[in-house]
Amino acid sequence: MASLTRNRKLTAESRWKRYKKHKYLFILLLPALIWYSVFQYAPLYGVQLAFKDFRVLEGINGSPWVGFKHFEVMFTSTSQFWRVFRNTVVISLYHIIFGFPAAIVLALIFNEIRGKVFKRVTQSISYLPHFLSWVILAGLFGTILSPSTGIVNYILTMLGLDTIYFLGDPDYFRFTLVTTSIWKEVGWGTIIYLAALASINPNLYEAASIDGAGRWKQTLHITLPSILPVICIMFIFQISGILDAGFDQILNLYHPAVYEVADILDTYVFRVGLSQMQYSLTTAVGLFKNVIALLLVLGTDYFIKKAGQEGLF
Amino acid sequence: MFSRMTIGEKWFQVFAVMFIAGLSVLFVYPFIHVLSISLSTPSEAIRPGLHLFPQEFSLEAYRKAVSSTQIWYGFRNTIFRTVVGTVLSVVVMVMAAYPLSKKYLPDRRFYTLFIVMTMFFSGGLIPSYMLIKSLGLYDSMLVYIIPSLFVTFSLLILRNFFIGIPQELEDSARMDGANDIRILFSVVLPLSAPIIATITLWSAVRYWNEWFQALIYIQDQTKIVLQIYLRRLVVENQDMELRMLMSQQPGQETVTPETVKAAVLMIITGPIIIVYPFLQKYFVKGVMIGSLKE
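First to last, the protein sequences are chains A and B.
Residues in the first sequence are numbered from 467 upward in steps of one, following the numbering used here.
Residues in the second sequence are numbered from 162 upward in steps of one, following the numbering used here.
To be clear, the hints were calculated from the coordinates, so they are not data collected in a lab.
A couple of the hints might just be wrong.
Unchecked claim - Mimicking DSSO-like on lysine-lysine, the simulated pairs with C-alpha atoms at most 27 Å apart in a straight line are:
#1 K585/A x K171/B
#2 K442/B x K582/A
#3 K264/B x K483/A
When you get a sec, could you build the whole thing from the sequences and use the hints?
Shown next as structure tokens:
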């Protein structure tokens, strides 16, 4: 027992010595520690609002506790919560079903292209939309998809089809969300897969072609298994973001006519929380969302490790 | 190489090239379309169909766009926040990434977790909003800079790069009596130019494009940024802004909302599109480095 305390004292002492020895390293790190404490951890203190009735004059501390009242309000059928929740999950599932494989497929196609200059130029072009904000793209798509003067509807009319109000018709709005989002991010999404593809040992392909495997068989048996770890990690991120259905995009593209199909958790929190000042209710919605997201990361990570792949943690 | 391919592979190559070429057209055309409309006369702008080059050329939309005082406030503030924000952000991220890359940093594991953990939770919009208000950042130009100083993903990419720098290079400098800060600036930074370029570009784009904080935290009309100005025109369809832009003196050429919106859009997108071809390799480099696991 005595030796144990002495040991502990020693470690405390040596820790102090180590800090003293590397004080400049610690000084360099200090701004980051302060920033993360203030802007990432301090807001957690405000999360208690989810269990309180916020009163402006009394502040966070002075507001009375109300237990799970806001969660009850949230989950009752009369609130808009379930509509918003369903929209979020449905839109995210579309992103997972169509957007997630799109980047992998595009990366595989890029990987097959032999012309070096052509490949480099087209890749660069495909990354560009990633660097533009959804405000800019809202203007761009507003013009391109306009029912009266837009080029897309012009082509549809030429083909003898009906004009579609892509940004205003609830039947098409989610389709528009997913396609415009793929347009913006698919090129950028290929980079990580291309990096993984570039690191595959070329001898594997040579050996396979000696064994008589064609390109398709090589893709199936060498390429895909080689990039599977990367696909898994990207999939964890994708699943953990299932309650983020694209706030920036939707807030700039939607309007009341399509709320019914496009209002998601984040836009709901923004509108009801900030504009209607329902701080407590929307903090509860935010908390619900964050807890689910955290569970999803841990859960997906667990399953992927179970399946024998390298996870996140 | 080509001759060694089978017939099927050749056909696939043709298909792949055509597919990628078609896709590139889909990526590029919208910009050409809007650029062409911004340079068109009103009657030309509302003509449905392909817009590659204006049949009837007019600079009036740009003249109108730059005649608004708001857009000049937007320019001033956007450039301010992009320059100051980017410089500060890169400096503090480099400062933090370097110690985190060192095995001998005391409690390194704890500090790394402290930062990485924040990628997986957040307090949410309302608590953050209240924090900004209580810090006195509401309606202050500082709200453009400080709350977005750190991006955890970029910080980790920097850290991973620093880990890859051979320790021996630093040891010789240490023998000469240099401390950690000296070593960071005189040994590590000169070796890190490409990754710093990447992080700098990402930060610059981020500060140039940011609009949400500007939307919720800024009231003062002299503090608006370009993204908010554009958003009023294209998202909120604020008639007042447009009508002010459209109001004309006798004898002036006419413009339509479409051409003015397109002109403002090109003014804001232009800087990114112009620098992109020259700097694009740096835009990408960081992801390549970051994707290699430690």
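- Straight-line Cα separation of K264/B and K483/A no greater than 27 Å? Distance of about 16 Å is within 27 Å: holds.
- If you draw a straight line from the CA of K585/A to the CA of K171/B, is it 27 Å or shorter? Holds: K585/A and K171/B sit about 17 Å apart, inside 27 Å.
- Task: Given the hint that K442/B pairs with K582/A, test it: the Cα-Cα distance must not exceed 27 Å.
- Result: Roughly 15 Å between the alpha carbons, so the hint for K442/B and K582/A holds.
The structure is consistent with each of the numbered hints, conforming to all of them.
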